[in-house]
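**Student:** If you're matching them up, the sequences are chains P and Y in order.
Each residue of the first sequence is one higher than the one before, starting from 1 at the first, in the numbering used here.
Each residue of the second sequence is one higher than the one before, starting from 1001 at the first, in the numbering used here.
Keep in mind the hints are simulated off the structure, nothing from the lab.
One or more of the hints may lead you astray.
Here are the computed lysine-lysine pairs in the PhoX-like style, where the Cα-Cα straight-line distance is at most 25 angstroms [stated by the list, open to error]:
# : chain 1 : residue 1 : chain 2 : residue 2
1 : Y       : Lys-1012  : P       : Lys-52
2 : P       : Lys-536   : P       : Lys-586
3 : Y       : Lys-1198  : Y       : Lys-1012
4 : P       : Lys-563   : P       : Lys-586
5 : Y       : Lys-1182  : P       : Lys-169
6 : P       : Lys-312   : P       : Lys-536
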Amino acid sequence: MYAPLIWAKTMPRHDLPPVPFGGHLPDELATCPRLIRHHGRMHANESALREKAFGIWQEMTWGQALDRTRSIALGLRELGVGEGDVVAFAGQNRPDLLFTEIASHAVGALSLGIYKDSLRDEMGYLVDHAGVCVMVVEDEEQVDKLLDLGDAIPTLRRIVYCDPRGMLKHDDSRLMAMADLVASGNAAHDREPQLFDALVDATRPDAPAILCTTSGTTSHPKIAVLKSGPFLRHGMSFLEVDPKGPEDDYVSVLPLPWIGEQVNAVAHFLLARIRLNFVEDEETTNNDMREIGPSCVLLAPRVWEAMAADIKAKMIESTPLKRFLYDQAFRLAERALNDGQRSVIADLLLGRALRDRLGLSYMRSAATGGAPLGPDVFRFFRAIGVPLRQVYGQTEMVGVYCAHRFDDVDFDTVGMPFRDVEIRIDQPDRNGLGEVVVRHPGMFAGYYRNEEATKADLRDGWMYTGDAGYLNARGHLIVLDRMRDLAKLSNGDRFAPQYLENRLKFSPYVGECVVLGQDRDWVTAMICIRYSIVSKWAEARRISFTTYSDLSARPEVRELIRKEVAAINDVLPESQRIGRFLLLYKELDADDGELTRTRKLRRGTINERYADLIEALYSDRRNVDIDTTITLQDGRRQRIRTNLAIETLIEPSARTRGKRTQAVA
Amino acid sequence: MTAPAAQKTEDKLLEASGITLSFGGVNALRGVDLIVRRGDLLSIIGPNGAGKTSFLNCISGRYRPTGGSIAFEGQSIDRRPTSARAGLGIARTFQNLALFAHMSVLDNIMVGRHHLLKSGFLRGGLYWLGGAQREELTHRRRVEEIIELLEIEQIRHAIAGTLSYGMRKRVELARALAVEPKLLLLDEPMAGMNLEEKDDMARYIVEINREWGVTVIMIEHDMGVVMDLSDRVAVLNYGEKIADDVPERVSADPHVRAAYLGEDDAAA
């Protein structure tokens, strides 16, 4: 029936830019300050980055970027920052924070990015542990945290703030405005015009330059030490697989301290001269993205998931005609995708409009990384013509080192390793599944001030990633889960909780979830509803509710989620099916230590905090009484008293009986 | 920090003396005197019907007092209409929102610039030639500064009527700021807001007062906010001013406690 429809080749192809510097980065350019000086001279009047301020995109050339970096570098030097010191930065991604990072390398110091939403004590730990002497922050919010820390951070001599708003009330002698730092840097430059050049010439490719915090799923974050030369050269290997050039627009919204953003906004910015775009405000991101129409992005799986879930939710609310068109076009697009092609009609009807709406019209290279992305979301974006691919890496390994090639995308894998990257599987089981162990020339030099952790993870030059995976016949790496999170049912069946969680989270109604089952007889789940969507769903059905907890406890909502879980169970092998679930009375939150800052689950904390609930899931009880106090994001505390019902999809008795029968047979 | 404080004590921005306002037989205000110094953040509190909003309306020109007079920057403004008072630098927000619901946030705020625009009907028609474009750009720049101060970038192009209550309050404040006021009158800026929105609003008011140097008269019921933010607190009761002092002394005043906080025994 669909045969006469027009198929197009594959994804929209664009001319690929060549790999910069002919694929070989010479030593005289192999530090960040040297690269920015090079471009500042060679491409002085070309656009380097744009920042939206006062509602207008304000452009900055490479020449201006170099001047600004020089001013900050010399300003830092005036403050006494030198060889081996640590300069930290925190705040929303801004050009000045990026320049601070490069400037600190120029004076021989190391840069350390701290997430802007770190709690006060997390920030205190990092500043103290790394011995930070100068910290550059965006605004009052960060300053308040640092001042609150008082004597806990004795090494910190200066706090430089970019936004002077709200600073009048503070009179701490460590405070200094960015404008003053720049002015003192300019004065130093006027006195000694050759100084900056001398400093940049003195930077060494093999010296430690970047300190990068790991996401720290267990305890305090560890700090990986990266050297500029290897860091940049690894960036080059990435460009071989995913070529980028000065025509590419990149929207910098991921946290700058994160390794993925370091590679894009620092390495690729300096190597391929991709143009960085800084959004006005976190909340304007979607609109700003659409205005820019970036050609390359790297987004966390949850962002892609949220985008897909959002579209699906909007379609649910849409008119019957639109829904019909959407369904037809989407089916067409999926059929074409299965044949490795694209349907022109589906693209005209649906793909083009969706890409425009999402700001992905000019997308040439879209990547997801940081955690596994469900195959359904993957298919969704490929079907609407977004060339999405999976990338895989770790902070210690300078981010991505495995990626899908353009024409070789397999939803279940994370792609093939870059050139120079060696991967082996440690202690594989009979299916070849074991720990992923890697080495490549760009990798980290060890953890900063943490010998013990370095010895544990870095053995004979190989990095033990702690991820469980295997290589398939085509040389693609498949990563299932963290090694220690791979779980085994009591009957010996292995299962990967994260994989199941991703499947669940593809439902627009599921926000977060935790899949359990280690050493138990069956698999269960604790699910957090996606409030924004379930609340709309409830309103449309005139179901009254007050808070998140109240909404979760509604029987109608439970029934809704039950259907979603049942649908997923249908496509899963028997051992993996979710037998029971409950809806949690609160959202999992990083402030409660239940998620990491990159929104990965902290299973240890969760298992401990919800031990009663977990016990109940494996008992004969049908409900649990809850009486607890939670802290809301604005600091208020709320007491929650509710009765949580446990939903059973598969009667455990039936299952164990079935097993016994088998055993007899 | 000491210089503006010293300046505060000398420079009278607004002086109201013996303000009386009657609606038929009802005396809404009975001889209220109030002096507001440049840079002050003054709160007016009092029970419902005490005449707080009426007093604000007298200052902004919405009501014409039946007795007494008001001087702004040393000059009597009794005979000036509301529009002229805006031109002098008096701006206000309303207790019940008064935005143009069908217009965008940006347009709503631009309305606040209206009295500063010089291009008339004809010059506006010659948009590029008559300098109207250049004029609009300068004003837009100022509006963008206000948008940044109040952190409403994300709703710049939204239609005002579609916004949440807290956001509309913020837009109304933005419009009042666009007038470039010397004196800003806020009528219950935090009514109906949740804790987080109140926190934000308090921060904006302090910034407008301390960093932009705008004198503020605010009517507010939330005593925590009033005591934290104000330099001075005036208390109205049945149209009369019963106290006018620094927050600590006002909250300790037995008359105030009797009238406002409802402690009967303290008043004797």
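**Student:** Which of the listed hints are not met by the structure?
**Tutor:** Violated hints: 1, 3; rest satisfied.
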